[in-house]
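Could you put together the complete structure from these sequences and hints?
Read top to bottom, the protein sequences are chains X and C.
Residues 550 to 1134, numbered by the numbering used here, are exactly what the first sequence covers, in order.
Residues 144 to 609, numbered by the numbering used here, are exactly what the second sequence covers, in order.
Wrong hints could be hidden among the right ones.
As the list claims (entries may be wrong) - Derived coverage of chain X by chain C (criterion: at least 3 residues anywhere in the stretch with Cβ under 8 Å from a Cβ of chain C; other residues may be distant):
| # | stretch |
| --- | --- |
| 1 | 582-588 |
| 2 | 713-722 |
| 3 | 804-815 |
| 4 | 895-902 |
In case anyone wonders, no lab produced these hints; they're calculated from the structure.
In this text, a Cβ means the ideal position worked out from N, Cα and C, and glycines have one as well.
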Amino acid sequence: MDTIFSINGPVVKVKNARAFSMQEMVYVGNKRLIGEVIRVTESFTTIQVYEGTTGLQPGEPVEGTGAPMSATLGPGILDNIFDGIERPLKKLEELSGAFIADGANVSSIDTQKKYNCSMTVNVGDKLNAGDVYCTCPETLLIEHRCMLSPLSKGGEVIWRAPDGEYTVNDTVVKIRLANGDEQELTLCQKWPIRTPRPCRQRLHGTRPLITGQRIIDTVLPIAKGGTAAIPGGFGTGKTMTQHQLAKWCDADIIVYIGCGERGNEMTQVLEEFSELIDPHTQRPLTDRTVLIANTSNMPVAAREASIYTGITLAEYYRDMGYHIAIMADSTSRWAEALREISGRLEEMPAEEGFPAYLPSRISEFYERAGYVENLNGTEGSVTIIGAVSPQGSDFSEPVTQNTKRFVRCFWALDKSLAYARHYPAINWNTSYSEYVGDLEEYYTKNVNKDFISVRQEISTILVEENTLMEIVKLMGTDVLPDDQKLLIETARIVRVGFLQQNAYHKDDTYVPLEKQYLMMKLITDFYALAKKALADGTAYDKILSLGWADRIVKVKYDIPNDKPEMFDEYTKQMIQDFEKLTEVA
Amino acid sequence: MELKYVGLSEINGPLVVLDKVKNVAFDEIAQIQLSDGSRRLARVVEVEQEKAVLQVFEGTKGLSLTNTTTKFTGKPMELALSKEMLGRIFSGSGRPIDGLGDIIPEKYKDINGSPLNPVSRTYPRNYINTGISSIDALMTLIRGQKLPIFSGSGLSHNKLAVQIARQAKIADDNGQGFGIVFGAMGVKNDVADYFKRSFEETGSLERVAMFINLSNDPIIERILTPRCALTCAEYLAFEHNMHILVILTDMTSYAEACREFSSSKGEIPGRKGYPGYLYSDLASIYERAGIVKGSTGSVTQIPILTMPNDDITHPVPDLTGYITEGQIVMDRHLEQTGTYPAVSVLPSLSRLMKDGIGEGYTREDHSMCANQLFAAYSKVQDARALASVIGEEELSAGDKAYMHFGKLFEEHFINQGFDVNRSIEETLDLGWALLSTLPKAELDRVDEEHLKKFYDPDKAKALFGE
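Quick look at the structure:
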């Protein structure tokens, strides 16, 4: 029996052990705390423990499980909340009360609940890796599809259970493998969390993840299967933005990872999402959501694991042919967990105490996103949206910089916008999206053929304003010529009327693409008309006195989402007003 | 039979090492008896086979390799708890120091607490009326929230904390219990005394439990102080259903104690020499606020920290801001112009505010009024920046209006005096009156309906003159 040699925080060492392999899951001590082997040398095996180590003594047993840290995958994952190593928090509450005790051994998914299963295979069918053999409604929204493990060589179905009610551990199908062995298939399977689940091939993502947030959908879009980072100092609205995306984006399933964040925030997601109704399906949002919560005071090693647990769950549903969006809030806490463990291992630190392998870990994580063709031929995607909390709001720190290298969308949150309560506080000058080109075709086909050109016009206005602001900051707006004043005013309309979005307003919290386009179009129409009027000799003040600037700013509230035809009236009236103006002139 | 170990094998700063010890558990507490009979407490911070590293709370002064006997208690650090703790004064490690003798414990609890299961939390929604306009209107304090005060040396953060504690209508309508737990880490004697005196003057001393570690007390004890205070608070809140306001000052001293201890342990430092796990460590304190399902009590935290060199990006305020649910930032410039409380409105924030205000909580126009005040005041900053370049005379009429608004806002809204206790109605009406000094078109965060109801330049004129 191997025993504990030393304990230092979450790091435990075993002396002269031979039996352990790297990344093997182990039980530590009499309380059977869950741990993982992270280093093996001739004399010492080092283990990180995912629970509190208070009270642990040298000499207590350490027992290997022979398998790497794995997630249990099967029906019962959705509408649930787990800790970093996939233990259901509701079950833990039943076991140990409001405060989480160490060493609680519970199964990840409910083993008692029965699901109404329909078999999709018959005796004699050939099953290959990734093929679906059974389906059941997991929630009213999502059909769960049980698949043959991606590692299986495949085999022939020799028995199938009749359709009916089964628990996750009941055998529903038996297959004979190529070598003649029989294998029993249940509704669930295990998968090591640090290994990406394979797919047949990666596809080029050309469909946007529609979020209903104007600055994202039009200015800085993200594709399904894409990656985005939201960096921002505290109080700039990272969590708020993530919540908005989780609520409104058109993914089939949301995996929300609360990694080292506030307990109250997770409670808020739990409460809010069970009350909110998904606009696409009229069901509570929890039906399509799974939460992973490792709050900032929960054990730090489990924080490191939570990210991998989350993405493994996402990949599993992707394999069924769903589109998944992962919200990871915040990846900086995960990086800090890496740093903490690395420090305890006395590894040589690189930048700011972070281990030298930080960039490779970050890239491994983001590379698990993608739009893919699954082994069973279906298409699915995993989109990763990771929040980054830079130390001291300094974007040059290692986590932000390394994340920037591996994501294609960068939504930089800005302190001064947040101070002015301009939400979402995404700074349009420092942010970028590399997906615009990929998505051009979709927008042109599905929204409007002018979408891209109007979008470009809006972007140009903002860029020009940015250059002009250098002068304005020094001399004020009064000294500018009229056409530049008009540009500044139009940019204000774009900022206040378009980019700024009110998450608490019933219409403004989610805006369909069509309305987004019409709003942009109204602004560019106004700009064109006003420019023309100026050229025709109308005074700038006269144009302002028409009051259209303020009307356009309030369009987001005044025109309901389901009445796009009102835009036509607006445009007509605006054109008339301008005509009158030039006639007078 | 009780095992006692004679002598030590190494002493290094606050750490001592014992060799050839048996059955020592990680994190357990040991008692070290000196040859002169005095006792000190120590905690096991690392064990390796038969070697244990201990952290001595009261410091290692006077310890030698031979003059001690050490006894392990087999338990992590526990605090004796009782309802009688209110009205008493304790040392940083939880020993009574007011000369009234030991308390009669109803229960012992591990001071490190356990993480609260997010499933068992109730999301905080009830606002606390502090009577301070800037806080109530713009960064509303919610029961069960953790809202720190970011301050600097020489600013009036202590006065503000006392005013909040005094005016906060935290108790339920049915007059349910309300208590204050005060934890002082490394504060000056004067500061501890100021709080004690202020609580006495307002007659609330019998509702206050004080845990005091002065700046000349041992630093390791400082690491225990907030944990003892919060264990006491949790006990009163969740087992006796009381509403507890926890004031912790000064978190910067606490973090410095962590740094001192970490460096003597030879750990790899993170930013500015603070240990890499400072975030997790601070979180284990701040996260102990909230409301637990099935209990009607609550723990609300107001930690106070001084930003070294007024730098909000310093690791301590920075990490704190990432954990807490907002912050109240104090401003030196406002303080110097005689404004009290010198709350810097723009960087201040309450994250829980959005769900605790509006109809049924404060007033339905609250969020609109607050948003517009924020937006307007942020434009004041732009106008001021411009005025400092081209002079106030040269500003456009719009910018001049903002300059005027900014002055009034600071004079009448932020500034309010130590004894002034405003109701939420007074505060919001004042806010609307101030907004009414601006041209109507500038109020772009307000809808027509509310403009009609609240925009009233004549009233503003009557209030503030021309």
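Q: Take the stretch 713-722 of chain X, compare each residue's beta carbon with every beta carbon of chain C, and decide whether three or more fall closer than 8 Å.
A: violated (count 0)
**Q.** Outcome, coverage of the stretch 804-815 of chain X by chain C - at least 3 residues whose beta-carbon is closer than 8 Å to one in that chain
**A.** holds (count 6)
Q. With a Cβ-Cβ cutoff of 8 Å, does the stretch 582-588 of chain X contain at least three residues near chain C?
A. violated (count 0)
**Q.** Coverage assertion for the stretch 895-902 of chain X with respect to chain C, Cβ distance below 8 Å, three residues required
**A.** Contact hint for the stretch 895-902 of chain X vs chain C: holds, 4 residues under 8 Å.
In this structure, the earlier hints numbered 1, 2 are contradicted, and the remaining ones agree with it.
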